[in-house]
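Chains A and B supply the protein sequences, listed in that same order. Using our numbering, the first residue of the first sequence is number 1, and each one after it goes up by one. Using our numbering, the first residue of the second sequence is number 1, and each one after it goes up by one.
Bear in mind the hints are in silico, worked out from the structure with no lab data behind them. Please note that a few of the clues may not be correct.
It does not matter which identical chain is used: a pair holds within one copy or between any two.
[Stated by the list, open to error] Each computed SDA-like pair below joins lysine to any residue, with the alpha-carbon atoms no more than 25 Å apart:
#	residue 1	residue 2
1	LYS338	SER83
2	LYS310	ASP212
3	LYS105	ASP265
4	LYS113	GLN84
What follows is the residue order along each chain.
Number of protein chains: 2
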Amino acid sequence: MTKQFHGVEKASLKTQNLKKEVIKIFKKYGLSNNHALISANALINAELVGAYGHGLSRLKMYCDRISKKVINPKPKIKIKKISQSISYIDANDSIGFVAADIAIKRAIINAKKTGIGLVAVKNSGHYGLSGYYAEQAVKKNLITMIYTNAPPAVAPHGAIKSLFGTNPICFGTPTGSKIPFILDTSISMINRGKIRVASRNNQKIPFGVALDKFGKPTTDAKKALQGVQLPIAGFRGSGLAWMVDILSGVFTGGNHSGKVKDPFDDFSGPQNIGHLFITFKTNLFVKNYNKRIKENIYRIKRLPKIKGVKEIMYPGQNKYKRFKKNSKKEIKISSMTKKDFTILKK
Amino acid sequence: MTKQFHGVEKASLKTQNLKKEVIKIFKKYGLSNNHALISANALINAELVGAYGHGLSRLKMYCDRISKKVINPKPKIKIKKISQSISYIDANDSIGFVAADIAIKRAIINAKKTGIGLVAVKNSGHYGLSGYYAEQAVKKNLITMIYTNAPPAVAPHGAIKSLFGTNPICFGTPTGSKIPFILDTSISMINRGKIRVASRNNQKIPFGVALDKFGKPTTDAKKALQGVQLPIAGFRGSGLAWMVDILSGVFTGGNHSGKVKDPFDDFSGPQNIGHLFITFKTNLFVKNYNKRIKENIYRIKRLPKIKGVKEIMYPGQNKYKRFKKNSKKEIKISSMTKKDFTILKK
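Using the sequences and the hints, build the whole thing.
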C-alpha cells in the first residue's frame with residue numbers, strides 16, 4: 001500500500017467513508033487497490049484544500065474515460081533510468097494521479113541520491129493539483145518545480161483561439177515550519193476547474209477573465225468554456241504558458257501545442273499529457289537553508305501592510321488553513337456530483 | 001580571450017569603437033582585459049537588443065561602485081564542484097557580468113557531461129539581462145532556466161513597501177531555427193531599468209504600473225523610483241517574485257528578502273546578489289526535440305489572429321529583430337550618458 005500523504009487519513013469519519021466509496025467506484029472501473037487508493041486520495045485532498053474544480057466533480061469524467069478505453073485502468077508503466085538523477089516514465093495512458101505519484105517519488109529518490117532529480121512523464125492524463133505532488137517532495141525536505149500541460153483554454157498573445165492549457169507553474173520549498181511554501185499558480189486569470197464548477201452550478205464568473213467564442217468578454221461560465229480564457233499579464237503570461245507547454249510537452253514526448261484532448265468532451269483517444277518534475281536538495285549550497293528561509297518569510301511578513309490586510313501570507317498558507325478546517329468537517333457534495341455517484345455505483 | 005557571443009563583434013564600426021571606449025574605461029577602473037571585454041559586450045548587447053535600461057546608462061554606476069570598493073575589480077572567483085552536474089561559485093564581489101559569464105559556461109559544461117547543469121552563484125552583483133546568458137546555453141543546444149534577485153522594487157501582495165526585486169524569470173530553448181526562444185520576463189508590470197531611464201530623461205511612465213511612496217498611483221518616474229512597483233497579476237505575480245527570491249537568494253547563499261542593495265543609491269557594501277542557472281540537454285527524453293519545437297511554434301503561429309496582429313511572435317523574436325537592425329546602425333547615446341563618458345574618461 002502506498003503511504004498516505006497529506007493527512008487525508010486524518011480527516012473526519014464521514015470523509016473516510018466517502019473515500020471508501022470513491023475507492024470502490026475506481027475499483028469497479030478496473031483500477032487496482034493501490035491505484036484506486038492513490039486516485040481517491042488525490043480527489044479527496046482537492047476537496048479538503050478547497051480546490052473543488054479538481055475534486056469529486058471530476059470522478060465521473062475519469063470513470064467515463066476508463067469505460068471508453070481512453071484511460072488504461074491496468075497500465076504497464078515503464079520507468080527508464082537515464083542517469084542517477086534523471087528518469088523517464090511512459091505512463092501507458094494510466095490515470096494521471098498514478099503516473100504523477102510514481103514520478104514524484106522517483107524525483108525524490110533521485111534528488112536524495114545525487115542532489116537533483118529530473119523526471120519526465122509522457123502518455124499520462126490529468127493529475128489534479130500540482131501542489132499535491134510538490135507537498136510530497138517538500139515533506140522530504142526538497143525544493144521542487146513541477147510543470148504539466150493541459151487542454152486548450154488560454155489564447156496565446158495575439159491569437160483569438162485557445163491553445164495553451166492553464167499550464168500551472170508550481171514551486172515548493174520547506175519553510176522550517178509545518179506549513180510548506182507551495183506556489184501552484186495557473187497562467188490563466190482564472191482556474192479552468194472553477195469555470196467548470198460555475199458552469200455545472202449555473203453560477204457567473206468574474207468579468208475580464210474570459211472571452212466567448214466570438215472574442216467578446218463574458219461572465220457566463222458556459223460561454224467561457226466554449227471561448228477563450230485570458231492569460232495573466234498579457235504577453236508575459238502568454239510567454240510563461242508557452243514555456244510550460246515546451247517543458248511539459250515538447251521536452252517530455254507528451255502532446256503539446258493544443259493537441260491535449262479535453263478530458264470531459266473528447267473521448268477520441270488518450271490525452272498523452274506530459275509532466276516534468278524537478279527536485280533539489282535544500283542544502284546543496286548552504287548548510288542552514290531552513291534558518292535562511294525562516295528568516296526570509298519572517299522579514300516579508302513583518303512589512304507594513306495595506307489597510308485591512310491582517311497578515312502577509314506565503315503561497316500554500318491559505319490552502320493549509322482550509323485543509324485543516326475542512327478535515328474536521330463533512331465534505332459538501334453538489335447535487336450534480338451526488339447524481340454522478342448514484343450513476344457510478346450502479 | 002573569451003569568445004564573443006551574440007555577434008556584438010558584427011556590429012557597425014561605430015559600435016565597435018564605442019565598445020573599445022567602454023573596455024578602456026573598465027580597464028582604467030581596474031578590470032582585467034578579459035573582464036573588461038565581458039562587461040563591455042554585455043552592455044553593448046543590451047543597447048543592441050533595445051534594453052536601454054540595462055545598457056550604457058549603467059556604466060557610470062559600475063565604475064562608481066568599483067571606486068567605492070563595493071565591486072571588486074580583481075576578484076578571486078572560487079568555483080566549487082559539488083558533483084558532475086552541480087557547481088557553486090563564490091564571485092568574491094566581482095562585477096555581475098563576469099560571475100554570470102563563468103556560471104553559464106560552467107552550467108553548459110555540466111549539462112553537456114551529465115544531461116543537467118545546476119550552478120549557483122553568491123557574492124555577485126547586477127549582471128544585466130538574464131536572456132543574454134540564456135542565449136549562450138541555447139546556442140550550445142541546451143534548454144535553460146535562469147533566476148536572479150535584485151534590489152527592492154516590488155511590494156509583496158498585501159504589503160505597502162517594496163521588498164522583491166523585479167526578479168526575472170528566464171527560460172530559453174533552441175527552436176530549430178536561428179532565432180532562439182528566450183523568455184526573459186520581469187515579475188513587475190514594468191522593468192525597473194525603464195523607469196530609471198524615464199527618470200533620467202524626465203519622461204512619464206504608464207499609469208497602473210507603480211505607486212509613489214505614499215501608496216498612490218503615479219506616472220512620475222522619479223516618484224515611482226521612491227515608491228513601489230506593482231507585480232504582475234496580483235498574488236500570482238507576487239508568489240512568482242517570492243519564488244525567484246528563494247531560488248536565487250535563499251538557496252544560493254546570496255542576499256534575499258530585501259537585503260540586496262540598490263546599486264545606484266547604496267554604496268555601504270557589496271550587493272551579494274545570488275543567481276541560479278539550470279541547463280538541460282534537449283534530447284534527454286526525445287530524439288527529435290528540434291523537430292518537435294519547430295512543430296510547436298509552427299502550430300501556434302498559424303492560429304487565427306486578433307485584428308491588426310500580423311504575426312504571433314515567440315519570446316525573443318522581437319529582441320532578435322531589434323538586435324539585427326541596431327547592429328547596422330550607430331548606438332544612440334543620451335546626453336546624460338555622454339556626460340558620464342566624459343567624466344569617466346578623465
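Against the structure, the hints come out as follows:
Taking the shortest alpha-carbon separations for LYS338 and SER83, neither the intra-copy value of 47 Å nor the inter-copy value of 54 Å comes in at or below 25 Å. Taking the shortest Cα distances, LYS310 and ASP212 sit within 25 Å of each other only across copies (22 Å), while inside one copy they are farther apart (37 Å). When the C-alpha separation of LYS105 and ASP265 is checked against a cutoff of 25 Å, the pair qualifies neither within a copy, at 31 Å, nor between copies, at 47 Å. In this assembly of identical chains, LYS113 and GLN84 lie within 25 Å of each other by CA distance both inside one copy and across copies; the values are 7 Å within and 13 Å between.
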